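The chain contents come next:
Number of protein chains: 2
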Amino acid sequence: MVLDDLETPALVLDKQRLVVNTAAMTQRMKYLGVGLRPHLKTAKSVDVARMALDGNFGGVTVSTLAEAVYFLDHGIRDITYAVCIVPTKLDAAAALSERGADLKLITDNPEAARAIAEHAESHQVLVEIDCGEHRTGVAPDSNALLAIADTINRSERSRIVGVLTHAGHSYLCRNREEMEAVADDERLAAVTAVERLKSAGHDCSVVSVGSTPTATFAKSLAGVSEARPGVYVFMDLFQAGIGVCSRSDIALTVLASVIAHRPEVNELILDAGGLALSKDRSTQALGEDCGYGLVCDVITAEPISGLVVAGVHQEHGQVTAPSPIPFERLPVGTKVRVMPNHACMTAAAHDTYNVIDGGIDIVATWDRCHGW
Amino acid sequence: MVLDDLETPALVLDKQRLVVNTAAMTQRMKYLGVGLRPHLKTAKSVDVARMALDGNFGGVTVSTLAEAVYFLDHGIRDITYAVCIVPTKLDAAAALSERGADLKLITDNPEAARAIAEHAESHQVLVEIDCGEHRTGVAPDSNALLAIADTINRSERSRIVGVLTHAGHSYLCRNREEMEAVADDERLAAVTAVERLKSAGHDCSVVSVGSTPTATFAKSLAGVSEARPGVYVFMDLFQAGIGVCSRSDIALTVLASVIAHRPEVNELILDAGGLALSKDRSTQALGEDCGYGLVCDVITAEPISGLVVAGVHQEHGQVTAPSPIPFERLPVGTKVRVMPNHACMTAAAHDTYNVIDGGIDIVATWDRCHGW
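Just so you know, the sequences run in chain order A and B.
Note that my numbering has the first sequence beginning at 1, numbered continuously upward.
Note that my numbering has the second sequence beginning at 1001, numbered continuously upward.
No lab work stands behind these hints: they were computed from the structure.
Values in this document were obtained by computation on a predicted structure and should not be read as measured data.
Glycine included, every Cβ here is placed at the ideal spot set by N, Cα and C.
Mixed in with the good hints, there may be bad ones.
Said to hold, decoys possible - What the simulated footprint calls covered on chain B by chain A, stretch by stretch (three residues with Cβ under 8 Å from a Cβ of chain A suffice, anywhere in the stretch; the number is not a length): (1) 1120 to 1126; (2) 1132 to 1140; (3) 1154 to 1163; (4) 1172 to 1179; (5) 1200 to 1209; (6) 1284 to 1298; (7) 1331 to 1344.
Stated by the list, open to error - Listed next, with one range per pair, are the computed distances between beta-carbon atoms: (8) B/N1143 / A/D5: 58 to 66 Å; (9) B/D1078 / A/V19: 42 to 50 Å; (10) B/D1351 / A/E98: 20 to 28 Å; (11) A/D367 / B/Q1284: 18 to 26 Å; (12) A/H74 / B/D1078: 40 to 48 Å; (13) A/D141 / B/R1329: 26 to 34 Å; (14) A/G358 / B/P1303: 49 to 57 Å.
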């Protein structure tokens, strides 16, 4: 079975690039002296998880309880659920712990902290810190930080075990210097917060930071215990666009077929549209707008003549280029591979990874979990 | 079981609105004297299909072969696969026919037509006509139209059975008059094309048009045999924004929980982000930009104080409003419902519909198919 035998659209994962990406991050975290707790919201695959965990301590990050269930079912126990917990999800979280998960929850809210404290089961909790993204999290110098820790540690069963922060604003950086600076803000926010908790008498061991740009460019992670990058396993055009990787590091592509030609408007149509590629337009904010993805050769995975997916409908991708499209090279039925803007969003619509190993042979099929 | 018992995020479908939307379109197509062949790419659910088919002739439209397989498995035989066929998918199409499907394929390409003609199995084919959207399709006055029909009808096994067009450019309309005009362009393109085919000696019975805006506003469908609207079953903020429906017709919402407050920036965070809502931003082009969706009361499904999902991350929705958010009414853990911009895209990330019947009781759980 080779790429050309697959029905399209289909997700293609190049294991050769995946190995390099995961090994590089593992090595980097070792060099910085912190644990790597990969965020598996990108891959949602136990096979990818095993590669990302190779040489690391075994902890993972998830973005949904469905991911937590899936990874626990596959024997991964040390799990941080990195989205603020709500009281109605505490029973489900407790059920995971009951089944053997070493589960860490996060909160930034005094009411949620009260609900955790009053819940019938015990929970390990990280206080979420805002290091500048301004999405969720309390400020490292806030009263709320200590109040939340007090509420939980005064409870009979549950415990604060540390802090967690995510420098999502690293996605606003456009060069290495900016990413280094945000990485230090991220580190400093987490370290400041945990020092305050310790000074107030709270026993904290987890100091968790992480995003792919900051993990890639941090000069020091002194005082940090672990990092949680996610998209680094696959990389994508957005990461390449901000300088985190090069395009040749991108391990994930969508195999698609040319289904129509419109030479009169220099356009061809693929059977990969808004569902197969996602409607993510994150590269729009960058120097080179890649539309909904770049069209690449099926064998080399090299971009073809500036072909970009400029528009999408549900199952149609409209491809154009600044120069005349070589239609004769791309007859109807030709397979191409589309590099995605945002690997997390693109992978989400697909059930399986068709795994290649640098070539065109399908060497494995890996499943993914989805839903909530 | 009531809405408040569901884990979030979750898809909620109000059957009461679904009944009204499907019955209204059925009645309208009867009034215009054409068959209704609902496009099931929106719902991907046999339960929704049954309601949409009630009182109609039983034919459906699909956007993937996976949908065709799913609906055939549920006893629906008359299926039009309304995305240009590529040669590599002909075997899968033939397998469906072999299993009893009355399957119609579409093409706009002479090479694909040759592949169909040379394929070992018989196929029923519609020529796709471009009525002004300029996505796929041949012009109604083109030589390609006759060439494609000739190629297929000269084959031993396969037959041209008609034409199909889709006025996707109706989504560019902003009022009733514009939609009426596009509907007439759509009708005229299909009728012109089929008359040319008939004059050339091709026996054609199918004259297929359709989009929700044009089906809703067409003044006449004279000469047309069937229409293929899709999103009308659920409606959404985009359709409401261009005047096809009112917001109170929208049957599909995403149930979400408030997971964090940020009063200092007048923002609250939901556990429904880019995956649960999709990254569709179609209302950006309209008078009222609804961000990634409008936040509604869980019981009434009425928008709350102008709350809009202004930003999304994978599992976070950032909600803001022009006036101060009533945080005291919306403590962490509160459930809300988000009206989507584009129902087709939003439904796609979910496996099941949690069906209500105007109230808050879950009266059924309906599955969906997905993938390709």
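Check your understanding: If you look at each residue in the region 1120 to 1126 of chain B, do at least three have a Cβ nearer than 8 Å to any Cβ of chain A?
Key -> Coverage by chain A is violated for the region 1120 to 1126 of chain B (0 residues, Cβ < 8 Å).
Review point. Range hint 49 to 57 Å: satisfied by the CB atoms of A/G358 and B/P1303?
Key: Given about 51 Å between the Cβ atoms, the range holds.
Exercise for review: Could you say whether the range 26 to 34 Å given as a hint is met by the Cβ separation of A/D141 and B/R1329?
Suggested key: Between A/D141 and B/R1329, where Cβ atoms are some 29 Å apart, the hint holds.
Check your understanding: Are at least 3 residues of the region 1331 to 1344 of chain B within less than 8 Å of chain A when you compare beta carbons?
Key -> Satisfied; 4 residues make the cut.
Exercise for review: Indicate whether the distance between the beta carbons of B/N1143 and A/D5 respects the range 58 to 66 Å.
Suggested key: Since B/N1143 and A/D5 have Cβ atoms about 35 Å apart, the given range 58 to 66 Å is violated.
Point to revise | Coverage claim, chain A over the region 1172 to 1179 of chain B, checked by counting residues with Cβ within 8 Å (three needed) | key: Coverage by chain A is violated here, the residue count being 0 at a Cβ distance below 8 Å.
Point to revise | Residues of the region 1132 to 1140 of chain B with Cβ under 8 Å from chain A, three needed, outcome | key: The restraint on the region 1132 to 1140 of chain B holds, since 3 of its residues have a Cβ under 8 Å from chain A and three suffice.
**Study point:** Outcome of range test on Cβ distance (B/D1351, A/E98; 20 to 28 Å)
**Key:** Holds, at about 25 Å.
Review point. Is the hinted range of 42 to 50 Å satisfied by the C-beta distance from B/D1078 to A/V19?
Key: Holds - the Cβ-Cβ distance for B/D1078 and A/V19, about 49 Å, lies within 42 to 50 Å.
Review point. Would you say the region 1154 to 1163 of chain B counts as covered by chain A, given the rule of at least 3 residues with C-beta under 8 Å?
Key: Our answer is that it is violated, as 0 residues pass the Cβ test (under 8 Å) against chain A, missing three.
Practice item. Given that the region 1200 to 1209 of chain B was listed as covered by chain A, double-check it with a C-beta distance under 8 Å for 3 or more residues. Key: violated (count 0)
Review point. Are there three or more residues in the region 1284 to 1298 of chain B whose C-beta lies closer than 8 Å to some C-beta of chain A?
Key: violated (count 0)
Hints 1, 3, 4, 5, 6, 8, 11 from the list above are not met by this structure, while the remaining hints are.
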